[in-house]
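Student: Construct the complete structure from the given sequences, taking the supplied hints into account.
Protein chains in written order, with my numbering: chain A, 1 to 308; chain B, 1 to 317.
Honestly, the hints are just simulated from the structure, not real lab data.
The beta carbon of each residue, even a glycine, is placed where N, CA and C say it ideally should be.
Keep in mind that the hints are not guaranteed to be accurate.
Stated by the list, open to error - In silico DSS-like cross-links for lysine-lysine, where the CA-CA straight-line distance does not exceed 30 angstroms:
no. : chain 1 : residue 1 : chain 2 : residue 2
1   : A       : K222      : A       : K108
2   : A       : K108      : B       : K175
3   : A       : K137      : A       : K159
4   : A       : K222      : B       : K202
Stated by the list, open to error - Just a few of them, taken from the derived set where beta-carbon distance is under 10 angstroms, the chain A residues facing chain B:
no. : residue
5   : A42
6   : F45
7   : F93
8   : L97
9   : A120
10  : W132
11  : P140
12  : I141
13  : L145
14  : V190
15  : G243
16  : T246
17  : G271
18  : G280
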Amino acid sequence: MANLALPAFPLDNRRFVGLLFLAPALIYILLLVGFPFLLAIAFGFSDVTVGNTDLSFVGLRNFEAVWENDIFRQVFETTIRFTLISQVFILLFANILAIIFTQEFTGKWFARFIFILPWATPVSLAMIGWLWMLDTKYSPIDYLLLQTGFLGPGGLLSKDRNLFWLASPDLAQISVIFVQVWRMTPLATVILMAGLSSIPTDILDQAEVDGSRFMRTLLQIKLPLILPIMVIALLFSMITMFGDMTVVYVLTRGGPVDYTRVLGLYSFQVGIEGGNLAQGAAISLFAFPLLLAMAIFMLRTASRAEVR
Amino acid sequence: MALLTWILTNFWTLLLFLLVLLIGLRIAWRLRKYGATREEFSYILRRSPFYFVVLIFCFFAVSPFLIMFLHTFKADGDLYRRPQPFIFRQEPTIEHLDALFNNTAYLDFIRNSIVVGVAVVLITLVLSLPAAYALARLTGRWGERAGILMFLVYLLPPTLLFIPMFRIVVLLGLKDSPMSLIVVYPTFTVPFSMWLLQGFFKAVPPELEEAALVDGYNRVEAFLRVVLPLSLPGIISTVVFTFTLTLHEFIYGLVFIADTRQRTLSVGVPTELILGDVYFWQPLLAAALIIAIPVGLAYNLFLDSLVQGFTMGAVKG
Numbered sequence: 001m002a003n004l005a006l007p008a009f010p011l012d013n014r015r016f017v018g019l020l021f022l023a024p025a026l027i028y029i030l031l032l033v034g035f036p037f038l039l040a041i042a043f044g045f046s047d048v049t050v051g052n053t054d055l056s057f058v059g060l061r062n063f064e065a066v067w068e069n070d071i072f073r074q075v076f077e078t079t080i081r082f083t084l085i086s087q088v089f090i091l092l093f094a095n096i097l098a099i100i101f102t103q104e105f106t107g108k109w110f111a112r113f114i115f116i117l118p119w120a121t122p123v124s125l126a127m128i129g130w131l132w133m134l135d136t137k138y139s140p141i142d143y144l145l146l147q148t149g150f151l152g153p154g155g156l157l158s159k160d161r162n163l164f165w166l167a168s169p170d171l172a173q174i175s176v177i178f179v180q181v182w183r184m185t186p187l188a189t190v191i192l193m194a195g196l197s198s199i200p201t202d203i204l205d206q207a208e209v210d211g212s213r214f215m216r217t218l219l220q221i222k223l224p225l226i227l228p229i230m231v232i233a234l235l236f237s238m239i240t241m242f243g244d245m246t247v248v249y250v251l252t253r254g255g256p257v258d259y260t261r262v263l264g265l266y267s268f269q270v271g272i273e274g275g276n277l278a279q280g281a282a283i284s285l286f287a288f289p290l291l292l293a294m295a296i297f298m299l300r301t302a303s304r305a306e307v308r
Numbered sequence: 001m002a003l004l005t006w007i008l009t010n011f012w013t014l015l016l017f018l019l020v021l022l023i024g025l026r027i028a029w030r031l032r033k034y035g036a037t038r039e040e041f042s043y044i045l046r047r048s049p050f051y052f053v054v055l056i057f058c059f060f061a062v063s064p065f066l067i068m069f070l071h072t073f074k075a076d077g078d079l080y081r082r083p084q085p086f087i088f089r090q091e092p093t094i095e096h097l098d099a100l101f102n103n104t105a106y107l108d109f110i111r112n113s114i115v116v117g118v119a120v121v122l123i124t125l126v127l128s129l130p131a132a133y134a135l136a137r138l139t140g141r142w143g144e145r146a147g148i149l150m151f152l153v154y155l156l157p158p159t160l161l162f163i164p165m166f167r168i169v170v171l172l173g174l175k176d177s178p179m180s181l182i183v184v185y186p187t188f189t190v191p192f193s194m195w196l197l198q199g200f201f202k203a204v205p206p207e208l209e210e211a212a213l214v215d216g217y218n219r220v221e222a223f224l225r226v227v228l229p230l231s232l233p234g235i236i237s238t239v240v241f242t243f244t245l246t247l248h249e250f251i252y253g254l255v256f257i258a259d260t261r262q263r264t265l266s267v268g269v270p271t272e273l274i275l276g277d278v279y280f281w282q283p284l285l286a287a288a289l290i291i292a293i294p295v296g297l298a299y300n301l302f303l304d305s306l307v308q309g310f311t312m313g314a315v316k317g
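Tutor: Printed below as a string of structure tokens:
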């Protein structure tokens, strides 16, 4: 083997081998994430565009311009609102589903396959399905509502034959949140399943011996024990959603007007489509303090769980 | 083809029939096993709300995929004139599947995605296998810190990095080439698989490595000959999930590559099969479904192993 050429001693040394093993991955990541991140900050303080590539320092001008922009304010608010509202539903459904899928039942394998599909499908492809489901004219949902009398002349929801899911401000926002919940719930569920399956069985056996009922075991033993995992699941899906632009890119492109425009998409539209790299970078940098705060909170919760 | 037509035209009847049949068989099987006693009936009755909840969730999860399936075979006239999305009024057709494979760049997208995915998986394994082992066994406190640093990388999502990454890709001359994705994708697959693999390595009993060391292997050999073979199931599931991560990625693919034939699946399908305002709905929906099913099956197959990795890596951290 190749390592025979090396003196035997360092390869027996735990610390030396540890460093040797860790270094390539660490260097690769630091180079390819650290450098672009610094570059993003440099861009934020410069006037770089697609055409003009020399970085001249312009101070806080980009950040000021972005912050005073009304569209940006609205985009920022929308991003936070979408993230928070969808988390409520994701956590609720993920808890129910995690409890379901940590039990044995007939047809579990197939049910799990179906429930995991929204998460397994590449986001942009799944969104094509929803684009059709929510189509202005041909939406199958509208068709069902029309047949059951909720739509059309004399309908309860609208006199029209369609609801225009992605074209009316309220419904477009509701649709985007619904679709996010639809695709992110499985991820949170899987993390919660890991938490539930790590509860020592002797605790559960003891509870059963003590005559604890299903609901009581659930509320007083399982839920408190997986609370730290729940925080991790929550923050995982928050971070994922906060950094997502695919859903709105395919479904609405931010419309109608600006109602579903989120931070990532706005930064893409200004930076790449508009060619203003500096302002695009400044826009996306506004997400960083929030992400950092989430991370610190997450690590603290996780380490507190370890102490226990 | 005749069978397909028959299945499609009677789709909902068949679905309902199959469901009722399966539930009936299950109940019959229970009754035969435990006897048709009053307790048995009340047990089945108590248990049924649970299955009802499962069915509701399944319905929500699967509805777009059912629609995708039906629409793949719809003739244009059936799709656009007087919409009736759920049943076939015209003969089902496979002309759109044919068009998807022969008249579009779909096969190119598939090829690019596979090339990128396989290359990224290889790079990821080379970098993360030793690194994860180092975090799991070899390093103490500073290794833990390095692990946290790796985790922080997760906080810099593509939406934050794509602009400077784009500049770097242009400078390296990799614009419009799948090479750019092969270089950049490990930035998120390596932290992910390190974290997962670390969990699997921790599950290998340390006594086995110590025995190998006593037998005269050095640390590197102990890792290669003892730990790697024992963690093979975990490594396979890491490969599967790393590959699907590359399949999912959208933003880098969208920004780096503008040339149609070089695009990957997740970017190519929604951008290239839509020409301005013209949506080729049947090929679009078919293209999405064809990818969704195998990835879903792979996820389901390796889910237990993923949960185990999560548990070992995060919970017992």
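Student: Need the list of violated hint numbers for this structure, in ascending order.
Tutor: Hints 2, 6, 13 are the ones this structure does not satisfy, whereas the remaining hints hold.
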